[in-house]
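Student: Sequence:
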Amino acid sequence: MDLSVMPKAFSNQHSWYESTLSQVTTTNNNLKSTSSKIIYTYNNVMNGFSANLSPEEHEALKTSAGYISSIPDLPLKLDTTHSPQFLGLNPYKGAWPASDFGKDIIVGVIDTGVWPESESFNDNGMTEIPTKWKGQLCQFENTKNSSFCNKKLIGARFFNKGFLAKYRNISETIVNSTRDTEGHGTHTSATAAGSRVDSASFFGYANGTASGIASLSRVAIYKPVWGPDADAVSSDVIAAIDAAISDGVDVLSMSLGYSNIPLYEDAFAIATFAAMEKGIFVSTSAGNSGPSFKTVHNGTPWVITVAAGTLDRESHGNLTLGNGVSLTGFTTYLGNFSASNLPIVFMGTCDNYTELIKVKSKIVVCEDKDGTLSSHVYNVVEAEVVGAVFISNASELLQYSFPSITINKKNGEIVKDYIQSSSNSSSIAKMSFKITSFDAKPAPSVDFYSSRGPAKSCPYVLKPDITGPGTSILAAWPANIPVLDFGDHKLFSKFKFLSGTSMSCPHVAGVGALLKGAHADWSPAAIRSAMMTTSDILDNTKKPIKDIGKGNKVATPLALGAGHINPNRALDPGLVYDVVVQDYVNLLCALNFTQENITSITRSSTNDCSKPSLDLNYPSFIAFFNAENSSSRTSQEFSRTVTNVGEEKTTYVASITPIEGFNVTVIPDKLVFSKKNEKLSYKLRIEGPRMTQEDEVAFGYLTWQNEKHVVRSPIVVTNIQ
Numbered sequence: 001m002d003l004s005v006m007p008k009a010f011s012n013q014h015s016w017y018e019s020t021l022s023q024v025t026t027t028n029n030n031l032k033s034t035s036s037k038i039i040y041t042y043n044n045v046m047n048g049f050s051a052n053l054s055p056e057e058h059e060a061l062k063t064s065a066g067y068i069s070s071i072p073d074l075p076l077k078l079d080t081t082h083s084p085q086f087l088g089l090n091p092y093k094g095a096w097p098a099s100d101f102g103k104d105i106i107v108g109v110i111d112t113g114v115w116p117e118s119e120s121f122n123d124n125g126m127t128e129i130p131t132k133w134k135g136q137l138c139q140f141e142n143t144k145n146s147s148f149c150n151k152k153l154i155g156a157r158f159f160n161k162g163f164l165a166k167y168r169n170i171s172e173t174i175v176n177s178t179r180d181t182e183g184h185g186t187h188t189s190a191t192a193a194g195s196r197v198d199s200a201s202f203f204g205y206a207n208g209t210a211s212g213i214a215s216l217s218r219v220a221i222y223k224p225v226w227g228p229d230a231d232a233v234s235s236d237v238i239a240a241i242d243a244a245i246s247d248g249v250d251v252l253s254m255s256l257g258y259s260n261i262p263l264y265e266d267a268f269a270i271a272t273f274a275a276m277e278k279g280i281f282v283s284t285s286a287g288n289s290g291p292s293f294k295t296v297h298n299g300t301p302w303v304i305t306v307a308a309g310t311l312d313r314e315s316h317g318n319l320t321l322g323n324g325v326s327l328t329g330f331t332t333y334l335g336n337f338s339a340s341n342l343p344i345v346f347m348g349t350c351d352n353y354t355e356l357i358k359v360k361s362k363i364v365v366c367e368d369k370d371g372t373l374s375s376h377v378y379n380v381v382e383a384e385v386v387g388a389v390f391i392s393n394a395s396e397l398l399q400y401s402f403p404s405i406t407i408n409k410k411n412g413e414i415v416k417d418y419i420q421s422s423s424n425s426s427s428i429a430k431m432s433f434k435i436t437s438f439d440a441k442p443a444p445s446v447d448f449y450s451s452r453g454p455a456k457s458c459p460y461v462l463k464p465d466i467t468g469p470g471t472s473i474l475a476a477w478p479a480n481i482p483v484l485d486f487g488d489h490k491l492f493s494k495f496k497f498l499s500g501t502s503m504s505c506p507h508v509a510g511v512g513a514l515l516k517g518a519h520a521d522w523s524p525a526a527i528r529s530a531m532m533t534t535s536d537i538l539d540n541t542k543k544p545i546k547d548i549g550k551g552n553k554v555a556t557p558l559a560l561g562a563g564h565i566n567p568n569r570a571l572d573p574g575l576v577y578d579v580v581v582q583d584y585v586n587l588l589c590a591l592n593f594t595q596e597n598i599t600s601i602t603r604s605s606t607n608d609c610s611k612p613s614l615d616l617n618y619p620s621f622i623a624f625f626n627a628e629n630s631s632s633r634t635s636q637e638f639s640r641t642v643t644n645v646g647e648e649k650t651t652y653v654a655s656i657t658p659i660e661g662f663n664v665t666v667i668p669d670k671l672v673f674s675k676k677n678e679k680l681s682y683k684l685r686i687e688g689p690r691m692t693q694e695d696e697v698a699f700g701y702l703t704w705q706n707e708k709h710v711v712r713s714p715i716v717v718t719n720i721q
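Residue 613 in the UniProt record's numbering sits at position 613 of the sequence shown, with consecutive numbering throughout.
Since the hints were made in silico from the structure, they are not lab data. For each residue, glycine too, the CB sits at the ideal point set by N, CA and C. Don't take each hint at face value.
[To be verified] Per label pair, the in silico range of CB-to-CB distance: (1) Asn52 x Asn12: 19 to 27 Å; (2) Lys93 x Glu694: 44 to 52 Å; (3) Glu413 x Thr692: 31 to 39 Å.
Model the full structure from these sequences, guided by the hints.
Tutor: Right, dumping it as structure tokens:
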């Protein structure tokens with residue numbers, strides 16, 4: 001709604017909205033029925049409200065004074081003992097001590113709620129809550145009892161009015177609490193900013209000290225996600241972000257989102273624009289729909305979009321063949337498996353249940369042919385085989401209640417060769433479990449499930465932005481939610497492994513808290529830039545990071561983003577690509593949005609579209625070279641401005657990692673800074689042939705380097721439509 005046309009007779013927005021609705025209500029045209037239609041009034045993320053309207057009432061509302069736009073109440077879906085060390089964080093040097101472990105930075109988490117009794121939310125040694133915190137609610141068990149909150153968990157709020165309006169058969173008494181009944185929110189919030197917990201493990205696997213990335217930051221929980229299927233609707237999510245802004249959070253972590261809808265209809269895009277204006281750094285998940293192109297969601301230009309990678313930690317078991325060859329694979333099997341020298345047999349894809357029954361007393365070997373193990377596992381479980389070996393490149397740590405190990409394709413060939421070279425009677429093996437190892441190589445890799453760019457909602461900004469640890473992340477878990485059905489028993493644990501971009505997102509949110517703690521004056525765009533330009537593109541073997549979903553080929557920036565996050569280098573990036581609000585407006589103007597579309601995002605009816613530009617001042621480049629006409633060659637030019645946040649007097653020299661078939665030039669190729677915070681600009685030009693093959697992707701890097709800093713940006717050339 002356009003607040004500028006609100007009549008002066010109304011003392012507040014809510015009264016105006018009620019009056020407006022009373023004029024379009026087709027049932028009882030009275031204030032009582034009108035009030036019941038309003039679900040939320042929003043004051044920060046937009047000037048507007050959510051309401052339960054009939055199609056006729058909605059159409060009538062469009063003719064009301066002040067109406068700008070409306071969007072449907074769409075559903076959303078949800079998308080560490082070792083990961084801080086894997087990221088290079090240590091208490092003596094770098095981002096942890098420089099930020100005092102994120103002390104007094106407030107991290108808001110939009111998710112399924114929290115298990116407040118978890119040790120990951122203890123406030124031992126924490127100082128008083130900072131005065132900038134304006135939140136007053138700690139909502140658990142249908143009360144405002146603040147005893148569940150403390151100096152670590154400083155706020156907890158739930159939002160379910162939209163959910164209850166949409167799903168009327170759900171009882172209010174069940175869901176009126178911020179308590180986590182699904183586990184996802186407890187896991188993500190502990191990952192971002194959980195307190196240190198010694199001797200954390202999953203039944204002995206991955207034993208160590210659990211710690212959030214920003215362990216001295218405060219945590220505020222906002223729960224708009226409900227039900228056994230972890231559902232959320234736009235109205236509740238917008239209300240949660242609106243409240244987080246009012247409460248005074250510094251960072252938002254949001255491991256959920258939409259796919260394939262325009263920015264002006266995306267509740268996340270709309271709400272996070274307001275958060276960005278308030279200086280809030282927003283970390284979002286890229287989605288788990290990979291490895292295909294154009295699957296990334298949360299492609300919003302003013303947030304950071306996080307892909308998921310693997311760790312160098314493995315929870316594994318050993319498969320020892322009868323010839324003495326021992327192979328390692330992934331597992332978290334919890335039982336004792338003492339049998340040895342069992343017959344082992346290869347059963348193809350294990351899709352024939354009847355044949356599996358015949359060999360249930362043997363170790364069966366199943367080969368993944370379609371990128372998923374789910375159907376194979378189901379058949380094996382139903383057949384009650386004594387043990388199983390799954391051959392797959394999927395690196396997600398699957399938690400099975402029966403003796404099983406997942407090995408990679410290379411080791412799978414060794415197993416198959418052994419079985420085929422032996423008679424059925426002499427093919428034997430044994431399995432052992434409960435082993436944790438570190439420094440696995442190569443790591444990280446982009447995992448297969450992580451969604452790939454370009455973003456359909458705004459393809460002109462390269463997404464995802466960055467990769468963080470997302471596979472087999474161990475973090476806090478509610479004490480009353482089973483982690484596994486083991487035989488006839490349900491097993492419970494205070495910590496659990498989860499995988500997904502839902503897990504990588506809070507890692508980056510935590511790093512955002514560290515950087516905000518060390519650099520209070522940095523904008524969200526500056527923090528994002530620092531992360532991107534200092535990220536790693538080499539794994540722990542000093543070779544380019546691989547993409548598991550593309551057969552372990554070198555990961556392109558459409559999968560990896562700028563690279564894998566490196567918190568300590570991000571602390572001192574040298575240069576940053578900053579973005580102000582008008583830059584985002586210029587981008588929206590260039591996307592051929594109507595003024596109403598733009599206003600729905602910016603909340604302003606006076607957007608300046610005099611300088612529309614698709615060329616956002618972003619620390620990455622994506623050029624589309626589509627074969628749309630007969631021209632054999634084409635070119636694209638980009639303009640960028642960098643801000644010196646390093647030494648006062650310094651010179652940066654540009655270099656280009658060549659892109660085969662394309663000529664990339666930078667003018668000027670030298671930037672001479674005379675003072676800190678000085679801004680200098682350059683142009684990057686890409687010239688080359690039209691791309692004719694389907695879904696071609698070529699990439700390289702632009703690097704600015706002085707005697708201390710390496711500032712790197714990915715360059716993607718593609719014809720993906």
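Student: Decide, hint by hint, whether the structure agrees.
Tutor: Status of each hint after checking the structure:
1. Asn52 x Asn12: 19 to 27 Å: Cβ of Asn52 to Cβ of Asn12: about 21 Å, so the range 19 to 27 Å holds.
2. Lys93 x Glu694: 44 to 52 Å: holds, 48 Å
3. Glu413 x Thr692: 31 to 39 Å: Since the Cβ atoms of Glu413 and Thr692 sit about 36 Å apart, the hinted range of 31 to 39 Å holds.
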